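Turn these sequences into a full structure, and let the hints steer you where they fit.
Below are the chains, spelled out letter by letter.
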Amino acid sequence: MFCRFAVTTFLVALSACRTASPIPEPIEVGPPSEEYCQIAAAILQTTVRSYSEQPSGLERACVEGRARVGSTIYVDARFSRKVDPEVVERSECVTGPYHVRFDWKRFVPAPSPEVVLVLVYDAESGSGTEFNIRMERSTWPQNQPGVMAMSQCGSVFGRLDKADGQWSATAASK
Amino acid sequence: MYGDPPKMALFDERGRKVSHAFELTASNLLSFQNALRRALAAFLGTHLEVAGAELVRLKDAETFVRVVKSGHYSHVIYYGHAIKELNILLPALGQNLTPSRMAQALKESSVEHFDILGCEGAAIAAELSPQVPKIRVGYLPAKREDDVDVDVATLRVRSLTIQPQTIQHFGGGHR
Numbered sequence: 002m003f004c005r006f007a008v009t010t011f012l013v014a015l016s017a018c019r020t021a022s023p024i025p026e027p028i029e030v031g032p033p034s035e036e037y038c039q040i041a042a043a044i045l046q047t048t049v050r051s052y053s054e055q056p057s058g059l060e061r062a063c064v065e066g067r068a069r070v071g072s073t074i075y076v077d078a079r080f081s082r083k084v085d086p087e088v089v090e091r092s093e094c095v096t097g098p099y100h101v102r103f104d105w106k107r108f109v110p111a112p113s114p115e116v117v118l119v120l121v122y123d124a125e126s127g128s129g130t131e132f133n134i135r136m137e138r139s140t141w142p143q144n145q146p147g148v149m150a151m152s153q154c155g156s157v158f159g160r161l162d163k164a165d166g167q168w169s170a171t172a173a174s175k
Numbered sequence: 013m014y015g016d017p018p019k020m021a022l023f024d025e026r027g028r029k030v031s032h033a034f035e036l037t038a039s040n041l042l043s044f045q046n047a048l049r050r051a052l053a054a055f056l057g058t059h060l061e062v063a064g065a066e067l068v069r070l071k072d073a074e075t076f077v078r079v080v081k082s083g084h085y086s087h088v089i090y091y092g093h094a095i096k097e098l099n100i101l102l103p104a105l106g107q108n109l110t111p112s113r114m115a116q117a118l119k120e121s122s123v124e125h126f127d128i129l130g131c132e133g134a135a136i137a138a139e140l141s142p143q144v145p146k147i148r149v150g151y152l153p154a155k156r157e158d159d160v161d162v163d164v165a166t167l168r169v170r171s172l173t174i175q176p177q178t179i180q181h182f183g184g185g186h187r
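Sequence lines, in order, name chains A and B. So the mapping is simple: our numbering equals the position in the first sequence, first residue as 1, plus 1. So the mapping is simple: our numbering equals the position in the second sequence, first residue as 1, plus 12.
If you are wondering where the hints come from, they were derived from the structure by calculation, not from laboratory data. As the structure is a computational prediction, the values presented were derived from the model and not from experiment. Just to be clear, a hint being listed does not mean it is correct.
[To be verified] Computed footprint of chain B on chain A, listed as stretches where at least three residues anywhere in the stretch have a Cβ under 8 Å from a Cβ of chain B:
id, region
1, 42-54
2, 59-70
3, 146-154
The C-beta atom is built at its ideal place from N, Cα and C for all residues, glycine as well.
Below, the structure written as structure tokens:
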């Protein structure tokens with residue numbers, strides 16, 4: 002009797018081992034979804050300006066001519082920390098005239114011929130967060146790495162900071 | 013003559029950075045020039061032979077004036093940035109080239125044909141042309157669209173493609 006109980010217990014334990022979920026890889030937790038929209042808004046507000054306002058920015062008239070449909074300017078924003086792009090729970094948000102799209106898993110090209118592309122990533126120095134904003138064709142994920150549109154409206158690099166719960170973007174001088 | 017291409021991050025289909033940013037440096041300048049020469053040859057087709065053309069990097073507006081007035085060139089092509097809002101060419105940040113400044117240099121030159129391959133160059137060409145009536149001024153009627161292929165390991169330019177369109181012209185006696 003004892004022997005039969007012991008064998009049954011062993012089989013159950015073995016079965017439990019086989020069906021147990023693997024230990025998940027550690028996931029870096031980024032800011033909550035609404036913050037991604039704030040970050041994109043901060044970058045767009047700082048950089049998409051007329052040439053007179055911001056000579057080193059992304060020229061607004063050029064952006065509108067290439068990425069606007071009706072009153073909407075289309076933006077693809079991607080966030081990557083270390084290796085993997087962060088998963089943003091919300092797939093899109095609207096801020097001012099900008100329709101910002103985050104979803105790299107279920108990518109659908111914007112209806113405009115080009116989009117404003119916002120790339121946010123860890124600084125090469127190892128501390129802080131940086132960005133590059135420029136124009137791309139709306140089908141850009143189909144390109145091989147290294148193939149890109151020569152952004153006709155300019156290209157801006159810069160740094161992101163968070164103070165008192167608010168994100169701010171600072172464009173680099175060049 | 014060409015202005016500097018914009019500095020741009022290199023990324024994959026998910027938007028992950030895959031290399032240092034691409035920008036024109038001493039180590040990839042030759043590859044860019046070779047790619048630009050091939051791209052211009054394909055874009056211009058049989059209209060103009062660019063195999064023997066001299067490529068000049070416009071780091072500043074003064075270089076434009078100096079090169080144009082050197083007396084060595086009959087046909088000049090500008091490939092670079094233009095700002096529609098202010099009607100200027102912008103070969104490099106802060107280096108504005110207004111139509112009047114270009115006209116001043118072109119009048120004192122041997123240039124007979126000047127093509128502006130900047131995006132939105134029609135208004136600039138329209139303002140420039142009456143100031144240089146003997147010179148044929150070309151422009152792109154539609155937005156310029158280029159693709160660049162960069163080796164992510166070396167940052168050298170493998171190819172450059174200028175989407176085809178027909179150059180339109182103002183003024184001048186001949187092509």
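Cβ contact check, 8 Å cutoff: the region 42-54 of chain A against chain B, three residues minimum: With 3 residues closer than 8 Å to chain B, the region 42-54 of chain A meets the three-residue bar; holds.
Whether chain B covers the region 59-70 of chain A (at least 3 residues having a Cβ closer than 8 Å to its Cβ atoms): holds (count 5)
Check of the region 146-154 of chain A against chain B for coverage (Cβ-Cβ below 8 Å, three residues minimum): holds (count 8)
Of the numbered hints given earlier, the model fails none.
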